[in-house]
Amino acid sequence: MRDKFWILGGLLLFVGVATLPTWRDWETHANTRPPALVLPAHAKQCVAPLDFMRGSHMQLLLDWRQSAVRENNPTYVAYDGKTYPKSLTKTCLSCHDKREFCDRCHDYVGARTPYCWNCHVDPALGKGAAR
Amino acid sequence: MKITRKEFLKLSGAGLVLVFGGRELAALDRAAGATFPGGAKPRPRKQWAMIVDTAKCAKEPGCTRCIEACDAAHNIPAIPDKAHEIQWIWNEPADVVFDESDVQYLDAARRDEQIPVLCNHCDQPPCVRVCPTGATWKREEDGIVMMDWHRCIGCRYCMAACPYGARSFNWVDPRAYLANPNPDFPTRTLGVVEKCTFCSERVVAGKLPACVEACPEKALLFGDVNDPHSEVREVLSESYVLRRKPELGTGPNIYYRI
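Here the protein sequences come in this chain order: A and B. Those letters in the first sequence? Residues 1 to 131, by my numbering. Those letters in the second sequence? Residues 1 to 258, by my numbering.
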C-alpha cells in the first residue's frame, strides 16, 4: 500500500470537486429550494391543466404564435371551454406577473429569459424601455 | 427475355418522358400562372384594398392623423434620423407618389400636395418572391401581404425588391425611441424589417384599419375589391383612379382617386 497517499488524496479531491456546487451554495447562503411562485389571486385555473403548463407552456406559446400570426386564428379555446386571445401580453400577463412569476422560475431552472420580451411588452414596466 | 436495340431505346425514351415530362409540365403550369396581368393564377378569394380620395385628403392640409393613429397602434418609434426612420404609412408629395408624366403640368402647389402612401398589398408582391424564410407572404384568404416578425432574419432582400419603398429596417433599437410602448402590439427589435400589415390584428376582429378610422375627412376607404357589391367597387366603378407604378405588374391594391 505504498500509493495510499495518492489514492486517498485523489478520492478526497474528487469528492471535494464533485460537491463543489453544494459548498458554494453553502458559502453564499444560496437557497436551493424552488421559489415560492406568486400565483394570481383572481383565478384558480391556468389556460391548461397545471401539469401541462409546467411541462409544455413553451410549446403552447409556439403553437399560439404559429396559429395566430401565420394562420390568422387569434382565439384559443381552453380545455374548459373558456376562450383567450393567443397573446403573451394580453393573456399570460393578465394573470401572471412577468418578474414575480415567469422570470423567477426561469432563473431557478437556469433557463434563459425568453427573447420574446425583446418585442412583446411587459405592461408592468410601464414607462421607459420595457425590458 | 431478349430485348432488341430498338425496343431498348423505345423503353428508355418512354422512361425519360415519364420522369422528366411531369416535372416540365408542372413548371409550365406554374409559369402560366405567374403571368400578369389577367394571368391564369386565381386571385385570392378576398382582396382587401384601399382608395385614397386625394381631393378629400387635400381639404386638411398638414393633417397627419392617419399616420399618428398607425404609429400609436403599432408602437412605431419616432426616430429623428431620417436614415433610420420606421414608416408604415407616411406622406409624400404628389410628384413623388405618381409618375412624372401624370403630374408634369400640375401647379407647383399641387405637385407638393402631401399624399399618404403605404404598402400596396400587391397581387404579385415582389417582396414575397425574394424572402428566403417565408417571413412575408400573401395571405390566401384576404390578400394581405403579411409579416411574421418571428421569422424575419433581417436580410433586407424584400426592401431591395419593393418598388414603393414600403419597408423599413430597424437599424437601431426601436424601444429607445418609444417613451411608453402600447402593450397591445409588440414592438420590434434591432435587425428586423417591418411594414404595414393592413392592420391584420384589427381586421380579424372585424374592425377597420387604424388609419381609416382616424381620418377626419373619411378620405380613406377600405374594402374587398373582389366583391362586386362592395363600397370600394362602387367608388371604383364611377371614378378615375391612379395606382403607383402599375407598369411593373405588381398589381397594387391602393387606389388614388383623382
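These aren't lab readings, by the way, just hints derived from the structure by calculation. One thing to keep in mind: the hints can contain errors.
Straight-line Cα separation of at most 20 angstroms, PhoX-like style, residue types lysine-lysine; simulated pairs [unchecked claim]:
| hint | chain 1 | residue 1 | chain 2 | residue 2 |
| --- | --- | --- | --- | --- |
| 1 | A | K4 | A | K44 |
| 2 | B | K6 | B | K207 |
| 3 | B | K59 | A | K90 |
| 4 | B | K207 | B | K46 |
| 5 | B | K218 | B | K207 |
| 6 | A | K86 | B | K207 |
Which bits of chain B does chain A cover? Going by a derived footprint, with three or more residues having C-beta under 8 angstroms, they are [as the list claims (entries may be wrong)]:
| hint | stretch |
| --- | --- |
| 7 | 147-161 |
| 8 | 187-193 |
| 9 | 197-210 |
Bear in mind the structure is a predicted one, so any value in this text is a computation, not a measurement. All C-beta atoms, glycine included, are put in the ideal place defined by N, C-alpha and C.
Quiz prompt | Violated hints - listed by number, lowest first | solution = Failing hints, ascending: 1, 2, 3.
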